[in-house]
Amino acid sequence: MITLNKDHINNIKTRNFKGKIWYIVFISSAVISIVFLSILILSIINNTFGIIILGLKYNPETVSPGKPLIKNSRDELIKLLNDYSGIDDDFTPAMLKTLNNEKDLSLRTEKDLYMIFFNNVLQPEIIRTFSLLESVFNKNIIIEEYNLNKDSYPILRMEFKSWLNPGLFINTQSSHPLLSGIRTAFFGTLWMVFLTVLLAMPLGISAAIYLELYAKDNMLNRLIQVNIYNLAGVPSIIFGLLGLAVFVRMLEPVTSGQFLRFLFKSGEQTTLNGRTIISAGLTLAIMVLPIIIINTQEAIRAVPSTLIDSSYGLGATKWQTIWHHILPYSFDRILTGTILAVSRAIGETAPLVVVGASTFIVFDPVSIFSKFTVLPIQIYQWTARPQAEFRNLAASAIVVLLILLLTLNLTAIILRERTVKKRV
Amino acid sequence: MEYKNLKKRVRVNELFINIILFVSSITSILITLGIVFELGKESILFFKSGVSILKFFTSTEWQPAIGNFGILPLLNSTLITSLIAMLISVPFGLFAAIYLSEYASDKVRSIVKPVLEILAGIPTIVYGFFALTFITPVLQKVFGEDIVEIYNMASAGIAMGILIIPLITTMSEDALKSVPKSLREGAYGLGATKFETSTKIVFPAAISGIAAAVIIGLSRAVGETMIVALAAGSGPNFTFNPFRAAETMTGYMVRISGGDVGYDTFDYNSIFVIGLLLFIVTLGLNILSRHIIKKFREVYD
Chain A
0 MITLNKDHIN NIKTRNFKGK IWYIVFISSA VISIVFLSIL ILSIINNTFG IIILGLKYNP
60 ETVSPGKPLI KNSRDELIKL LNDYSGIDDD FTPAMLKTLN NEKDLSLRTE KDLYMIFFNN
120 VLQPEIIRTF SLLESVFNKN IIIEEYNLNK DSYPILRMEF KSWLNPGLFI NTQSSHPLLS
180 GIRTAFFGTL WMVFLTVLLA MPLGISAAIY LELYAKDNML NRLIQVNIYN LAGVPSIIFG
240 LLGLAVFVRM LEPVTSGQFL RFLFKSGEQT TLNGRTIISA GLTLAIMVLP IIIINTQEAI
300 RAVPSTLIDS SYGLGATKWQ TIWHHILPYS FDRILTGTIL AVSRAIGETA PLVVVGASTF
360 IVFDPVSIFS KFTVLPIQIY QWTARPQAEF RNLAASAIVV LLILLLTLNL TAIILRERTV
420 KKRV
Chain B
0 MEYKNLKKRV RVNELFINII LFVSSITSIL ITLGIVFELG KESILFFKSG VSILKFFTST
60 EWQPAIGNFG ILPLLNSTLI TSLIAMLISV PFGLFAAIYL SEYASDKVRS IVKPVLEILA
120 GIPTIVYGFF ALTFITPVLQ KVFGEDIVEI YNMASAGIAM GILIIPLITT MSEDALKSVP
180 KSLREGAYGL GATKFETSTK IVFPAAISGI AAAVIIGLSR AVGETMIVAL AAGSGPNFTF
240 NPFRAAETMT GYMVRISGGD VGYDTFDYNS IFVIGLLLFI VTLGLNILSR HIIKKFREVY
300 D
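Those protein sequences? They're chains A and B, same order as listed.
Here the first sequence stands for residues 0 to 423, numbered as in numbering that gives the first Met the number 0.
Here the second sequence stands for residues 0 to 300, numbered as in numbering that gives the first Met the number 0.
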């Protein structure tokens with residue numbers, strides 16, 4: 000019989016104490032991990048809104064009383080341009096004439112005219128931007144900064160700006176942060192994702208069907224399977240290198256669209272090299288292919304064998320069984336896996352930098368042979384700029400990207416839940 | 000009665016489908032071959048053009064302009080950023096996994112796990128932005144602006160660590176969860192405390208899965224690109240000081256290919272050489288992790 004002496008009892012106390020300490024360590028690790036990630040989200044929101052100090056030469060309200068400047072018609076804008084040319088040395092009538100000679104003012108779009116007026120007459124300059132936290136808690140510094148610059152600008156404004164605004168979706172890239180937007184990048188992302196899904200989904204599903212339902216257990220098939228697992232772990236930038244060497248360089252006549260040149264109107268949007276949407280789509284399709292294959296294989300494995308056996312028992316051929324029973328049954332799961340792969344593709348930056356996303360384009364993509372940029376690339380370029388106001392733009396583009404991804408992920412989760420409910 | 004018609008008949012349609020499916024699955028092999036071939040071809044061109052392999056792996060200077068090609072500065076900063084990332088992600092990720100698997104109630108787990116999965120899906124460019132606009136200023140405040148450069152390896156490493164936490168947590172939690180209940184009950188029966196059961200029984204039993212998670216995390220860190228491209232600085236720099244700017248292998252590849260690089264130039268070939276090295280390292284790590292899972296997995300019935 001064991002008798003507990005004093006040592007044992009003390010021992011239990013220290014052991015329990017040790018356990019308690021470590022429990023605190025474990026739970027705080029979990030909490031800290033989530034706190035880290037919350038700070039990440041909050042720091043982005045913090046950069047999306049905030050006070051800006053803006054220097055202007057003229058007050059837009061007195062220039063165009065009653066309505067916002069951008070709402071003016073073409074004739075009104077031309078009249079304004081004529082009125083304001085010559086008021087100071089920055090915008091002389093001669094400059095307006097040069098612009099008119101480049102392209103007749105009456106033939107230009109309203110937006111074009113607005114931008115001329117904006118850049119040459121109003122000349123807004125962002126003196127400093129503040130984050131949301133600074134705007135709320137550091138009012139003194141902002142007012143100090145405001146007073147410091149008061150005499151250097153004819154009009155100095157301090158306003159609260161949401162960088163996430165409708166203009167972000169309407170405007171293309173621009174060297175002026177107030178006129179910059181993600182329009183081109185947003186359309187680029189849509190085109191590219193569409194292509195990626197179109198290419199990767201059929202290929203991935205077919206490969207998964209082969210591996211799960213046709214492949215015999217031999218060397219070759221085992222090699223294919225191991226190879227797919229390994230490909231899923233290859234860093235994305237390597238796929239970019241493959242894309243650069245094969246799609247951009249080797250297949251240039253195809254991916255630049257030159258072989259179809261007679262079909263397209265030659266315009267500024269098309270390029271003469273292979274740095275096009277189709278190259279990007281192909282590269283990302285290759286990148287997400289292993290993920291789609293693995294997810295589809297899991298989906299097919301979850302189909303109950305009774306379903307398959309009864310189909311065979313009724314005399315269906317293998318393909319009939321797959322087409323009428325296995326695929327419909329597992330379709331929700333396949334779709335979920337594909338959505339997750341697509342959200343990976345949407346957020347991917349590195350391979351597209353390597354494949355050659357454009358650094359500066361202002362035209363919406365018109366075909367798969369257009370030059371392109373995508374949301375993450377846009378975010379990268381804005382973040383890499385030294386000016387703080389472009390960081391604010393980057394933050395607002397990140398919000399758009401995250402909302403896009405969250406929507407996709409929620410769709411996947413809802414699909415998964417629905418499947419579970421249906422089956423039970 | 001004739002039974003001849005019941006013989007297995009070759010269905011042309013099905014055969015055709017069979018071939019299509021087979022070709023689809025062969026694509027993955029072609030992709031791998033394509034990667035190996037292209038990276039290999041450009042690497043051979045690189046070394047043929049007069050760079051000695053020995054110097055490539057031993058020289059501590061990377062100055063293509065004057066013909067100095069030493070991979071060590073790039074390799075060194077890749078290792079330092081990855082090391083910092085692992086120092087952050089392994090303890091936090093593992094402890095969080097132990098908490099989720101051994102201590103947390105089902106309700107907590109059912110909330111935390113999906114949150115972690117969604118957070119694992121945040122694009123790395125966002126973490127790069129975070130490193131540059133949040134972590135670096137914080138580091139500068141803590142250690143002083145003259146010690147911490149605007150671009151530095153530490154902030155990139157920390158951001159990478161945060162990125163990898165969800166990966167390590169979810170993979171390790173799966174490994175811990177799959178340890179059978181009977182082991183835990185046996186330990187309790189012998190008088191072990193919950194902490195002792197978790198760390199001395201469950202943890203060793205799940206060690207293969209946990210090791211695999213850590214190795215996969217390391218492979219992610221080594222191949223991670225956008226965070227280091229934004230936050231670690233551009234320009235190779237052979238330094239062991241984490242607060243200084245130093246370009247990593249992936250950062251170099253992004254910088255060089257970001258400007259329109261001409262084909263068949265030194266720069267063009269060099270990104271493929273570095274790519275090949277990166278490919279070999281990450282492939283090795285991935286194979287190792289799969290090997291560990293297979294070889295050292297304890298099977299309990």
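Because the hints were derived from the structure by calculation, they are not lab data.
Beta carbons: idealized from backbone N, C-alpha and C, even for Gly.
Heads up, some of the hints might be wrong.
[What the hints assert, rightly or not] Quick list of in silico lysine-lysine cross-link-like pairs, DSBU-like style, CA-CA up to 30 Å: (1) A:Lys12 x B:Lys193; (2) A:Lys19 x B:Lys294; (3) A:Lys66 x A:Lys19; (4) A:Lys12 x B:Lys112; (5) A:Lys17 x B:Lys176; (6) A:Lys12 x B:Lys199; (7) B:Lys106 x A:Lys19; (8) A:Lys70 x A:Lys215; (9) B:Lys199 x A:Lys17; (10) A:Lys12 x B:Lys140; (11) B:Lys180 x A:Lys19; (12) A:Lys56 x A:Lys19; (13) B:Lys294 x A:Lys215; (14) A:Lys66 x A:Lys149; (15) A:Lys19 x B:Lys199; (16) A:Lys56 x A:Lys160; (17) A:Lys160 x B:Lys140; (18) B:Lys106 x A:Lys138.
[To be verified] Just so you have them, the derived chain A footprint on chain B, three or more residues with Cβ under 8 Å: (19) 13-24; (20) 66-79; (21) 95-106; (22) 126-136; (23) 172-186; (24) 208-214; (25) 250-262.
**OP:** Could you tell me which of the numbered hints above are not met by this structure, giving the numbers in increasing order?
**Re:** 2, 3, 4, 8, 10, 12, 18, 20, 23 and 24
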